[in-house]
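The listed protein sequences derive, respectively, from chains A and B.
This note's numbering puts the first residue of the first sequence at 1, with every later residue one more than the last.
This note's numbering puts the first residue of the second sequence at 634, with every later residue one more than the last.
Quick caveat, the hints were computed from the structure, so don't treat them as lab data.
By construction, the Cβ of each residue, glycine as well, lies at the ideal position given by its N, Cα and C atoms.
Worth double-checking, as some hints may not be accurate.
[Stated by the list, open to error] Derived list of chain B stretches under chain A, where covered just means 3 residues or more per stretch with a C-beta under 8 Å from a C-beta of chain A:
1) 707–714
2) 722–730
3) 760–772
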Amino acid sequence: MSKSLDKRLKAEFLFRIIGLGLFVYLFFGFMLLPCLNTLTSIFTTKNAAGETDPLAVIRFFFAGNMGKYVWNSLKLALCLVVTVNIVGVSIVLLTEYFDIKGAKILRLGYMTTLIYSGVALVTGYLFLYAPDGILTTALANAFPGFNENWFTGFNAVLFTMTFACTSNHALFLRNAIRGIDYNTVEAARNMGAKPFKVLWKVVFPTLIPTMFSLTVMTFITGLCAMSAPTLLGYDSINPEIVRLAGSSTADEAFPQARAALLSIILAMFTIILLTVLSAYERKGHYLSVSKTKTKLEKQKITNPVANVLAHIYAYVLFVIYMIPVVMIIIFSFQTYSAIRMKKLDLSSWTLVNFFGQEDYMYLTSRGQYKVREGSISGLFANDATMGGIKMSFMLSIVAAALACIIVVVACNYIFKHKGKKSGVILEYALLFPWLLPTILICYSYRTYFNSESIWYVGNYNLYYAQNVRLLIIMAYTVVKLPFSLRMIRASFYAIDEELEDAARNLGAGGFTTFMRVKLPIILPSVLAVFALNFNALFTEYDMSATFASSYGTSYAMVIQAMCAEEGLYGYNVNASGRRCASTVFIMLVSGLILYLVYGVGARDLGERLEHRAKWRRRFERITALGKKKKETA
Amino acid sequence: MIRLNDIVVKFGDFTALHGISVHVKEGEFFTFLGPSGCGKTTTLRTLTGFIEPVEGSVFVKDKDITHVPIEDRNIGIVFQSYALFPTMTVYDNIAFGLKVKKLKKPEIDKRVREIAKKVDLSDEQLMKAVSQLSGGQQQRVAIARALVTGPAIICMDEPLSNLDAKLRVQLRNELKKMQKEFGITTIYVTHDQEEALTLSDRIAVFNKGVIEQVGTPNQVYNHSETEFVCNFIGDINRLGPEIVDGLINIGADIDPKKHNYMRLERIHVNVPPRPGELVLDGVVDSLEYYGLYIKYYITAGGQTLKVIEKNDGVNIYSPQQQVKVLINPAHVMAYEPKGEEAEEI
Chain A
1 MSKSLDKRLK AEFLFRIIGL GLFVYLFFGF MLLPCLNTLT SIFTTKNAAG ETDPLAVIRF
61 FFAGNMGKYV WNSLKLALCL VVTVNIVGVS IVLLTEYFDI KGAKILRLGY MTTLIYSGVA
121 LVTGYLFLYA PDGILTTALA NAFPGFNENW FTGFNAVLFT MTFACTSNHA LFLRNAIRGI
181 DYNTVEAARN MGAKPFKVLW KVVFPTLIPT MFSLTVMTFI TGLCAMSAPT LLGYDSINPE
241 IVRLAGSSTA DEAFPQARAA LLSIILAMFT IILLTVLSAY ERKGHYLSVS KTKTKLEKQK
301 ITNPVANVLA HIYAYVLFVI YMIPVVMIII FSFQTYSAIR MKKLDLSSWT LVNFFGQEDY
361 MYLTSRGQYK VREGSISGLF ANDATMGGIK MSFMLSIVAA ALACIIVVVA CNYIFKHKGK
421 KSGVILEYAL LFPWLLPTIL ICYSYRTYFN SESIWYVGNY NLYYAQNVRL LIIMAYTVVK
481 LPFSLRMIRA SFYAIDEELE DAARNLGAGG FTTFMRVKLP IILPSVLAVF ALNFNALFTE
541 YDMSATFASS YGTSYAMVIQ AMCAEEGLYG YNVNASGRRC ASTVFIMLVS GLILYLVYGV
601 GARDLGERLE HRAKWRRRFE RITALGKKKK ETA
Chain B
634 MIRLNDIVVK FGDFTALHGI SVHVKEGEFF TFLGPSGCGK TTTLRTLTGF IEPVEGSVFV
694 KDKDITHVPI EDRNIGIVFQ SYALFPTMTV YDNIAFGLKV KKLKKPEIDK RVREIAKKVD
754 LSDEQLMKAV SQLSGGQQQR VAIARALVTG PAIICMDEPL SNLDAKLRVQ LRNELKKMQK
814 EFGITTIYVT HDQEEALTLS DRIAVFNKGV IEQVGTPNQV YNHSETEFVC NFIGDINRLG
874 PEIVDGLINI GADIDPKKHN YMRLERIHVN VPPRPGELVL DGVVDSLEYY GLYIKYYITA
934 GGQTLKVIEK NDGVNIYSPQ QQVKVLINPA HVMAYEPKGE EAEEI
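Looking at chain A on its own, in the form it has when it is part of the complex (with noise of 0.2 Å):
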């Protein structure tokens, strides 16, 4: 054997040998082991006598409101599918499957979700819809009988989420209408099916399995809903476990265990659902037996009534999915006054919301007026506001990649290792933290870390102060495993096998073939994974609220601060307007990430050369004109 070969394949073991031990470091340090003590506190529940008393928490959970809780969240989850499915299904077939008119702007409208979402789009609707929302006003002085406060509890969290969770219907069922091969619609029509039996008995069925999924997705968000019905004021699971969290002995009846309790409960709908979805996915999916696709047309509703119907609702649902973002736009613009007023006032336009700082002048109860001085300050100059934008920009970005380096480097071993043991090990274990809720994981890295007792962490507290930092990343990189995984494994599907015998065959090894040939071919999946991941991060809210720490105060609960604590003794006088102003702010980079992995970074290696091509011709046209012209002159 040479040497060459000798120190490579050491090298390799090294390799794998340290790449093992981190994995065992982060399964059991950061998955298993904490969420096991929040399964096992529940038993060890004092009672007030101080005896360990096992049954305690679940005699309270029959005895006490708990149920009410679990109920609130199982009839949101349950009505949501319902009306997620209804508008999920429409904005699809509206833009992808019948001949609307302007199908492509409105395409636009239903896909703002993308980067308009989380705390950012309730505090929007609360902004436009609250009982002294600028649009309920607006409507109250319009319908004199008018219900100001129809948006509240339970009606205003349905109608929110309705909207927000589309998102990924817009994604994914919108791939998979797009794969469905036309001429079985031709062959259906050319069968004397009528336009709606094709729908009905062609289309449909082929759309079944994502629906499925996106219906256990959608449920699962319901069941673990936690920012709109935190700041819409609706008693579901997850906001219950983040006050309990918060609780202490002292004020009620061991609330860490019944807060454990509750993440268990949801842990355990999310298990079954999951299983349900699995099974389901095992048994297989209609594939297209076609070999020779052909791209799918658009339907001509050729019933003149339908037809007229089916663009107004189009253009309703898009003006239900544009009013918040314009708004938002629009009122990031306007003066302090004119947001507490909840009236646009075109005469006078600010940038005060983005850029610098005024002073407020303010009558006090002694009437006298009083200035609070840069009590009126822009998103870029207010430290608050851009601390939490820093602070949500850091901790994303390093555990968006950091879950995106994880599953890439696992993938890359799960495919070398297909059908082996260890693959399949790997692939579960990183899947493992979807069966448990969000809110179970923070809550468990939150009461297990917060000790000085843990070894594995050199005996730090790591929910100390500025170690909470760390406690955070580590939880958004668990929680974005399953969905990277998932993702990304898709596109290493994609790789043919014979590229790395190729790249082997020609002399490289196994890590010169995987950065150089391997690597290249699923960046743009793992990019997209990485933008999807950080933007989701950026905004969440979920997770930070469980921490609770004010050494990680992330941006979604910097905006929920400014809700409250807007125009009091003179101080954050503009909070609305920074708000809408950095709502604009996400949504700009949350769209440029976007673009740039979609639009620039899925372009191929040929796309990419005939766009530099364009470019250069461009500039060459332009070159030679201006010599043009200089000879002219």
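Given chain A, work out where chain B should sit, using these hints.
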């Protein structure tokens, strides 16, 4: 040049190769031919090092390379899918092997451009993405990439199977031309017997993990050593007992206990008999029109015989026409029955 000695390859319980032994000479165009699953690709992958045999040894230029890693074998491959790296330009694809070997940039550039010229790739094409090239151009890139590192041997695993019929024929000719020009020892894997016959200096016919025959195209086609080879290569008539008896009755020296075969083009219709030819009466059943030739199904001597006639406008027959069928028993290929296996064929 290449010597495979008693190679045995197993995948779990399944034995893919049962003691393959082949000797390929320097500069030869050598083809592994056989139906899918016969072991030809497995043999190729054993030679290139992707598969390690359980038994046997691989020698190249009298050096045992059985356990030498893939990357150190100096054997180029052109894959079935070409396996061109989609994220690299044509230039980078060809340069990949040289970069891995850490050659200096000017040297890489020189060698890439040299080989590109030889396989007829322009400078402009070198800067394109592989997806921007046609199937034929992609094949040339794959060949250039395999040759640029200066391998002693080049292996091609069904490199024409992804192409349409016309391009296949065109590229087949180009391939042969290039091989002659480079003079490199070439191992070619295919299931297409026409491809094998037109390209090869010698052919090894594989079946169920063993080599049935090694020989020149003429030997393999006209003197098939086994019943499998004669069936697999080209179309053939199996002569049933009735026609064999009939031929024996009119003086043919054929062993009725054996399995007897006759190539289509060795049977003639309505021509004056040449020495050794026996004449049977026949009726045209049906015909298949191929343009260049016509295949007739003629009932003669109690069975249907397939016969090929050049479409020269002279020997054109219509169904139900009475014809004279001429057979020379010296052209009969006969095989000892091998039990069930032979019956299957």
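Exercise. Okay, the segment 722–730 of chain B and chain A, do three or more residues pass the C-beta test at under 8 Å?
Worked result: Held - the segment 722–730 of chain B has 3 residues with a Cβ nearer than 8 Å to chain A, which meets the minimum of three.
Exercise. Holds or violated: the segment 760–772 of chain B covered by chain A, criterion of 3 or more residues with Cβ-Cβ distance under 8 Å?
Worked result: Per the Cβ count (6), the hint holds.
Exercise. For the segment 707–714 of chain B, do at least 3 residues have a Cβ located nearer than 8 Å to some Cβ of chain A?
Worked result: holds (count 6)
The structure fails none of the hints (numbered hints given earlier).
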